[in-house]
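K.L.:
Order-wise, the sequence lines are chains A and B.
Numbering of the first sequence is given in this note's numbering, commencing with residue 217 and proceeding in unit increments.
Numbering of the second sequence is given in this note's numbering, commencing with residue 217 and proceeding in unit increments.
I should point out that these hints are in silico values taken from the structure, not numbers from a laboratory.
Keep in mind that the hints are not guaranteed to be accurate.
Put simply, identical chains are the same to the list, so a pair is met inside one copy or across any two.
Claimed, not checked - Pairs of lysine to any residue, SDA-like flavour, derived with a Cα cap of 25 Å: (1) Lys536 <-> Tyr447; (2) Lys324 <-> Glu291; (3) Lys324 <-> Asn437; (4) Lys278 <-> Ser225; (5) Lys278 <-> Asn425; (6) Lys495 <-> Glu323; (7) Lys504 <-> Glu293; (8) Lys542 <-> Val423; (9) Lys495 <-> Asp303; (10) Lys495 <-> Asp471; (11) Lys248 <-> Lys408; (12) Lys324 <-> Lys495; (13) Lys504 <-> Pro350; (14) Lys542 <-> Val284; (15) Lys434 <-> Thr519; (16) Lys406 <-> Gly370; (17) Lys278 <-> Gly522; (18) Lys542 <-> Gly522; (19) Lys324 <-> Gln289; (20) Lys504 <-> Leu482; (21) Lys542 <-> Ala403; (22) Lys324 <-> Leu290; (23) Lys504 <-> Ala363.
2 protein chains.
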Amino acid sequence: MSDVHSRVSADELSTFIACAFESVGVPESDAKIVSKIMTEIDLLGGSGHGVFRLPQYIRRIKAGGMNVTPDIQLEHETNSTAVVHGDNCIGHLAVKRATDVAIEKAEKMGVAWAGVKMGNHAGTASVYARMALPNDMIGIYSAVGSANHLPPWGGLEMLLSTNPIAIGVPAMDEPPVVLDMATTVAAYGKVKTAAQRGEEMPVGWMVDNQGQPLTDPKRSNEGFLIPVGEYKGYGMALVLGLLAGTLNGAAMGHDVIDFNADDESLTNTGQFICMISLKAFGDVDEFKRQVDDLARSLRASPTLPGFDQVRLPGESSQGKHDDFSKNGIPVHPELTKALDVLAQDLGITSLF
Amino acid sequence: MSDVHSRVSADELSTFIACAFESVGVPESDAKIVSKIMTEIDLLGGSGHGVFRLPQYIRRIKAGGMNVTPDIQLEHETNSTAVVHGDNCIGHLAVKRATDVAIEKAEKMGVAWAGVKMGNHAGTASVYARMALPNDMIGIYSAVGSANHLPPWGGLEMLLSTNPIAIGVPAMDEPPVVLDMATTVAAYGKVKTAAQRGEEMPVGWMVDNQGQPLTDPKRSNEGFLIPVGEYKGYGMALVLGLLAGTLNGAAMGHDVIDFNADDESLTNTGQFICMISLKAFGDVDEFKRQVDDLARSLRASPTLPGFDQVRLPGESSQGKHDDFSKNGIPVHPELTKALDVLAQDLGITSLF
Numbered sequence: 217m218s219d220v221h222s223r224v225s226a227d228e229l230s231t232f233i234a235c236a237f238e239s240v241g242v243p244e245s246d247a248k249i250v251s252k253i254m255t256e257i258d259l260l261g262g263s264g265h266g267v268f269r270l271p272q273y274i275r276r277i278k279a280g281g282m283n284v285t286p287d288i289q290l291e292h293e294t295n296s297t298a299v300v301h302g303d304n305c306i307g308h309l310a311v312k313r314a315t316d317v318a319i320e321k322a323e324k325m326g327v328a329w330a331g332v333k334m335g336n337h338a339g340t341a342s343v344y345a346r347m348a349l350p351n352d353m354i355g356i357y358s359a360v361g362s363a364n365h366l367p368p369w370g371g372l373e374m375l376l377s378t379n380p381i382a383i384g385v386p387a388m389d390e391p392p393v394v395l396d397m398a399t400t401v402a403a404y405g406k407v408k409t410a411a412q413r414g415e416e417m418p419v420g421w422m423v424d425n426q427g428q429p430l431t432d433p434k435r436s437n438e439g440f441l442i443p444v445g446e447y448k449g450y451g452m453a454l455v456l457g458l459l460a461g462t463l464n465g466a467a468m469g470h471d472v473i474d475f476n477a478d479d480e481s482l483t484n485t486g487q488f489i490c491m492i493s494l495k496a497f498g499d500v501d502e503f504k505r506q507v508d509d510l511a512r513s514l515r516a517s518p519t520l521p522g523f524d525q526v527r528l529p530g531e532s533s534q535g536k537h538d539d540f541s542k543n544g545i546p547v548h549p550e551l552t553k554a555l556d557v558l559a560q561d562l563g564i565t566s567l568f
Numbered sequence: 217m218s219d220v221h222s223r224v225s226a227d228e229l230s231t232f233i234a235c236a237f238e239s240v241g242v243p244e245s246d247a248k249i250v251s252k253i254m255t256e257i258d259l260l261g262g263s264g265h266g267v268f269r270l271p272q273y274i275r276r277i278k279a280g281g282m283n284v285t286p287d288i289q290l291e292h293e294t295n296s297t298a299v300v301h302g303d304n305c306i307g308h309l310a311v312k313r314a315t316d317v318a319i320e321k322a323e324k325m326g327v328a329w330a331g332v333k334m335g336n337h338a339g340t341a342s343v344y345a346r347m348a349l350p351n352d353m354i355g356i357y358s359a360v361g362s363a364n365h366l367p368p369w370g371g372l373e374m375l376l377s378t379n380p381i382a383i384g385v386p387a388m389d390e391p392p393v394v395l396d397m398a399t400t401v402a403a404y405g406k407v408k409t410a411a412q413r414g415e416e417m418p419v420g421w422m423v424d425n426q427g428q429p430l431t432d433p434k435r436s437n438e439g440f441l442i443p444v445g446e447y448k449g450y451g452m453a454l455v456l457g458l459l460a461g462t463l464n465g466a467a468m469g470h471d472v473i474d475f476n477a478d479d480e481s482l483t484n485t486g487q488f489i490c491m492i493s494l495k496a497f498g499d500v501d502e503f504k505r506q507v508d509d510l511a512r513s514l515r516a517s518p519t520l521p522g523f524d525q526v527r528l529p530g531e532s533s534q535g536k537h538d539d540f541s542k543n544g545i546p547v548h549p550e551l552t553k554a555l556d557v558l559a560q561d562l563g564i565t566s567l568f
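Required output: the full structure, derived from the provided sequences and hints.
P.N.:
See below:
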């Protein structure tokens, strides 16, 4: 099998995604919002969470597991907070609405917090945290993951997900600082990739149900992911889940549906976004210049043997965004095939 | 040397701390606030951050490095945000003010965010996050650590601190869920303890300046702490520092003063506290009951070999609080001695 990736322009990809959604009954305006976000995820190199997920989203819509004509509403609104009721919409729509509401409220109030209930899987965390940046805001986002792969520390029952957190901070001339991390050492996607390639996993990614290192990715269903920093990552996954799920009346713990295994059940996925307006804290340009200074001092600092350079969170994504915007988004041959099958199935023009 | 800890009641300890501060010119009302918080830290088992720090705080005040008659003011106030200018006060005073302001604003607005500049070391993170709980709020706190022990991932220069984060979530009948973690695998205090006891450190706590495991705690000044989850913990320390320091105009990166080595220079320490009012998101009791349910399902879940029970973040601190409130706070013999010396030096009544 060839490993050469096809490249596709952001416009072509976005149009293809929108067509696919429209072909299963999603209104044009909603299809546009979702396709734009999914394309942005691919531009930022979040290849496991962009168009890669399209076949699964379409399958869920066809199975009746996602509502294509949702009535998305605000619940429990205050001056600085809101809960968005997604009405089982495509996840991106509810989170985008929450993000817009939080930006609008933070502009007036200095800070705002918007939660989502009755949503679905919405892609990478950082794509939403990054929406803060052009508004001179800091964005903080988290979500309840769409499948439980993580037991509590010392436990055997997978009651938690790899609940990610993203924090985006604007800079002046330097790339923004954007952290985007799962609360497990390895994301589940990495395990799947290792299995596909027949590679062994390093010790520290997974343990078996005796607590022993599990390094054969083909046996991944006999064990579970290890949280970042052991009990610390477990604690983070738990409190982020309380904030992104429970606080909004969304699923958490044993209520979480495995959306990879089940296309039909209501997932009631929850997320939150917090927006902090820089101007509420002082001079905006002064802040951004200080982020630049800090970034430069980190990058200019001496390295350990084996490292060519100190990098900053979000730097690699920003580099991919610049590259992929100019030269096209690389699509893995396996995904190319899957998208061709999808296009044929939906009766829309193929991407390639 | 005897390892038997003396026990002292919370009231006795609080009175002793207040007397010590008053003897060096701190007004009675301020001394009361700080001594109450420091005692609460000891009640919660944060033994490295409570009365343990008293001799150092007094030394700094005597050296002119901390202002005993500060004019603490709000800067850049909006409906939901504020920056507290601590005027180089004892750190706890500025963070307590920020916490009070955030609670008051969150009560009205749903969420509020207050930052601190020109503060100082303020104790554990969780003591402030916990102040949310009786107000039916979730509290999120972070701080720029008071000394840089952490290089960026792949780097050699200690430009970052172990910036901690605490998140406190109220429950109904169960203990609250309170995460309190440094962004390094081990806190520096653990290294010091290992050195004192002549014990080897496990691989994973520190590396030397060649990136090789450093396990001899006596050589700790030849290496540095490892961040939680490697580049993830580095990213967390960085963005938390931007939020707790840079955003408020407080020190971050190479501006951070090592307050262990320097009693005189202005530290300009920064912290932030975010308060989220539960009632802005729905029914308060319903939320707390769901936290109870989740806590019970985690605690009742089966364990890995070697674990007797799944624990929740904050459970152990809560247990200590119950024990120490009833039976007194244990004080290590070494600390007893240090506090005796301090009492003699200040001409106040000894604690023991």
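K.L.:
Give a verdict on every hint.
P.N.:
Results for each hint:
1. Lys536 <-> Tyr447: between (33 Å within a copy, 19 Å between copies)
2. Lys324 <-> Glu291: both (19 Å within a copy, 17 Å between copies)
3. Lys324 <-> Asn437: neither (48 Å within a copy, 48 Å between copies)
4. Lys278 <-> Ser225: This pair counts as neither: shortest intra-copy Cα distance 27 Å, inter-copy 65 Å.
5. Lys278 <-> Asn425: neither (36 Å within a copy, 56 Å between copies)
6. Lys495 <-> Glu323: both (9 Å within a copy, 23 Å between copies)
7. Lys504 <-> Glu293: Result: close only across copies, 20 Å inter versus 31 Å intra.
8. Lys542 <-> Val423: Intra 42 Å, inter 40 Å, cutoff 25 Å: neither.
9. Lys495 <-> Asp303: Only across copies: Lys495 and Asp303 sit 22 Å apart there, 34 Å inside one copy, limit 25 Å.
10. Lys495 <-> Asp471: Between copies only: 23 Å across, 40 Å inside.
11. Lys248 <-> Lys408: neither (30 Å within a copy, 57 Å between copies)
12. Lys324 <-> Lys495: both (10 Å within a copy, 21 Å between copies)
13. Lys504 <-> Pro350: within (12 Å within a copy, 37 Å between copies)
14. Lys542 <-> Val284: Neither, since 33 Å and 58 Å both go past 25 Å.
15. Lys434 <-> Thr519: Between copies only: 24 Å across, 36 Å inside.
16. Lys406 <-> Gly370: Cα proximity of Lys406 and Gly370: in one copy and across copies (23 Å, 22 Å).
17. Lys278 <-> Gly522: The answer is neither: 49 Å in one copy and 46 Å across copies each exceed 25 Å.
18. Lys542 <-> Gly522: neither (31 Å within a copy, 54 Å between copies)
19. Lys324 <-> Gln289: For Lys324 and Gln289, the Cα distance is within 25 Å both inside one copy (21 Å) and across copies (22 Å).
20. Lys504 <-> Leu482: between (42 Å within a copy, 23 Å between copies)
21. Lys542 <-> Ala403: For Lys542 and Ala403, the Cα distance exceeds 25 Å both inside one copy (29 Å) and across copies (45 Å).
22. Lys324 <-> Leu290: Answer is both: 18 Å inside a copy and 19 Å across each meet the 25 Å cutoff.
23. Lys504 <-> Ala363: This pair counts as between: shortest inter-copy Cα distance 24 Å, intra-copy 37 Å.
Violated hints, listed in ascending order, are 3, 4, 5, 8, 11, 14, 17, 18 and 21; each of the other numbered hints is respected by the structure.
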